[in-house]
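Once you've looked at the hints, dock chain B against the given chain A.
Heads up: the sequence lines are chains A and B, in that order.
If you read the first sequence in the UniProt record's numbering, its first letter stands for residue 1, the second for the next number, and so on.
If you read the second sequence in the UniProt record's numbering, its first letter stands for residue 1, the second for the next number, and so on.
Worth flagging that the hints you see were computed from the coordinates, not collected in a lab.
In this text, a Cβ means the ideal position worked out from N, Cα and C, and glycines have one as well.
Please note: incorrect hints may appear among the correct ones.
Label-pair distances were calculated between CB atoms; the ranges are [what the hints assert, rightly or not]: (1) 34/A to 34/B: 47 to 57 Å; (2) 327/A to 329/B: 52 to 62 Å; (3) 324/A to 329/B: 53 to 63 Å.
Covered by chain B, per the in silico footprint, the following chain A stretches (three or more residues, Cβ under 8 Å) [said to hold, decoys possible]: (4) 202-210; (5) 244-254.
Number of protein chains: 2
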Amino acid sequence: MSEQALPKTHNLRIDGARLWSTILETAAFGATPAGGLNRLTLSPEDGQVRDWFRAACEAAGLEVRVDALGTQYALRRGRDMSLPPVACGSHLDTQPTGGRFDGVLGVLAGLEAMRSLNDAGIETEAPLLLVNWTNEEGSRFAPAMMASAAYAGEFTTDEILAKRDAAGITVAEALDAIGYRGDEPVGSQKIGAFVELHIEQGPILEAEGRTIGVVEGGQGIAWFDGSVTGFESHAGTTPMPRRRDALLGLCEIALAAERIALAHGPSAVATIGESVIGAPSRNVVPGRVAFSLDVRDPKSGTLDAVEAELRAALGEIGTRRRLDIDLTRIWRKEPVPFDPGLVAAVESAAESLGLSRRRMVSGAGHDACNLAAKVPAAMIFVPCKDGVSHNESESATQADCAAGADVLLHTLLTLARGPRP
Amino acid sequence: MSEQALPKTHNLRIDGARLWSTILETAAFGATPAGGLNRLTLSPEDGQVRDWFRAACEAAGLEVRVDALGTQYALRRGRDMSLPPVACGSHLDTQPTGGRFDGVLGVLAGLEAMRSLNDAGIETEAPLLLVNWTNEEGSRFAPAMMASAAYAGEFTTDEILAKRDAAGITVAEALDAIGYRGDEPVGSQKIGAFVELHIEQGPILEAEGRTIGVVEGGQGIAWFDGSVTGFESHAGTTPMPRRRDALLGLCEIALAAERIALAHGPSAVATIGESVIGAPSRNVVPGRVAFSLDVRDPKSGTLDAVEAELRAALGEIGTRRRLDIDLTRIWRKEPVPFDPGLVAAVESAAESLGLSRRRMVSGAGHDACNLAAKVPAAMIFVPCKDGVSHNESESATQADCAAGADVLLHTLLTLARGPRP
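Extracted from the complex, chain A is given alone in its bound form:
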């Protein structure tokens, strides 16, 4: 087929109503009374939605294969099967009290894109691939995003198969129980590029009234454990200036972390999510407080700077308040930059569709962040209500889901060299 004969696609849109009805249809698998989903990875409910997904893909003419960790790959043939497939997808597993959109949207929007291409009779140059990654959530088996990490070579298949849930069941046993231990070696599936549509799981798009987040990468993360040690003393007999109050030390640390993160804004965030007083009592000045600290930023250098400034603040607080303050970094994950070409493709697709948008980084981890270590990757975000996720009340509008799926479709068309727009 010559270039001139290619059909134009600039008016092509996915079917928003059909996408919405598949979201509702699959929400029956693991539905909770509060309107959310409890579809832990490799559970019977996860098996049901996988069966549904395989059947839906096959009905759309896709060829479905399963790898040794249960990840489902649905291939739509292209004109040139020597080209690596252009992939999209996300995950169909959920948190135990999860919502209907986290992961689900990315998979079902990919399915909808395939159906829409079928309806329009469009063939792409490169093949397309739709992926449902096993265990993105990490609620049943740790770590989260384990199948995409294994795909990218971070773990061996055997390492992952041996992981156990709280009941002692291994990943291998759980895969066998639902019939999803496939025969494709992990990592053998060729992928030329990977694009993941996801709800933002944060408040930025909603607050700014924008529809599309053009995701430039995943943040770096540093986790710390800390403690403040002062001296336990009587709340009635110890004058204020003589106290060595560990809680007041923690309070200054938390406010310093906020101040430092704000100074590195708007991207940097710092959170003390856990703070526990040792032997707390209403009438005792706290002598010891343990705390956690989570610092994130898209730039490695900013993580370094926040940590250095915080340690300086801790030194000052400890000296002034006569407290012993310890801060130990227990984990650090470097930022993941997405492929600039893919990011530009996402942005162009949003622009050509006339959708309001902004560049942003992903605050949470996603399979696309793992994929980025091995293949060009990018993400598309759409707003979710109040930024709430990992919650049965998680919500997104039909219009935003459709807009995200349209951006996904047009990004795939660009990357797989579909007909000219």
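Showing chain B alone in chain A's frame:
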């Protein structure tokens, strides 16, 4: 005996070595391996020390009676038995991991004063009374200081007899078990004045290098329960300015409470002893924090002012950080002023003995605070190491204990109209 014939007493001192040896001797009853005491009220060990105390008092010529709540009264006759006795004392019960001085010093210093008067052949005009109050500590039966409260009319004897410990044993049963349910009606023992020597249980005297605390009264106390409610959100995806972090609200509240207490210094104290994040997680911005607040000051008006200023600060913090802050006062005890004449008598005694001293208030509750509602009362403090009490490591020096007992002796002599100094 004429005024002229009265022996001079300005050189009279208690026997510090004898006082110290009785402290060590009674520390055998309920001794813990770590060098402290476990002598819960009305326990077998409390029965043993009560028996020792009765025998020691009788050996010193005192007449011992026991009231219906087990409080022991040891009377030393005066020349004019129509005068109400001038009393001293404290308590011989301890915390489960208590020290050797809390309460014990006040009782044994009173015994030493009686012995020293005997040695010197001194008779006072008014009789003297040495009291061992039942259950000052409150560790086994609540409330603390129950016998002195009943003496002052705050509870009926039957109310107290019906109180149960954690094992369901009543005060009445516990008294019977050690043979200390006496036949004197509670409150019938006449007391003309009450002076209690005690370790400070705080760091002020030690820090200032002073020997005697001339205690002007007990502080007022206000207890509050509070909560801060914001919005739980993802630590990675929620920009700093959009957060409603309940922990940061608590941090500002704690620092405001410190600032306000300092502004009402040196007397006012404010303590957040308990602070608990609801559903804490390392990567979740805290949505709710519950906390306790303890505010104390010797002046009722200062308690009011601290509360009012704190509520104003809470309003400002809540508005600025978009947090709902609740603060509920759950208990308030008004300050207890001691009798100015008795306080002056304590101060004069310390001055005449050439001891360094300062006026202060009691940060903790004591039997003398209950007595003050019914009879003129005052207290004498001596330093304890590092301000530590309610701990097996509680410590005081022999010299300070002797100095406190000397002040007690001379205060008793002044109040009971002993020989002129």
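Hints versus structure:
1. The given range of 47 to 57 Å is respected by residue 34/A and residue 34/B, whose C-beta atoms sit roughly 53 Å from each other.
2. The supplied range of 52 to 62 Å is broken by residue 327/A and residue 329/B, whose beta-carbon atoms lie about 36 Å from each other.
3. The given range of 53 to 63 Å is broken by residue 324/A and residue 329/B, whose C-beta atoms sit roughly 34 Å from each other.
4. As drawn, the segment 202-210 of chain A meets chain B at 4 residues by the rule of a beta-carbon pair under 8 Å; at three or more, the given contact holds.
5. Under the rule that three or more residues need a Cβ within less than 8 Å of chain B, the assignment of the segment 244-254 of chain A holds, with 7 such residues.
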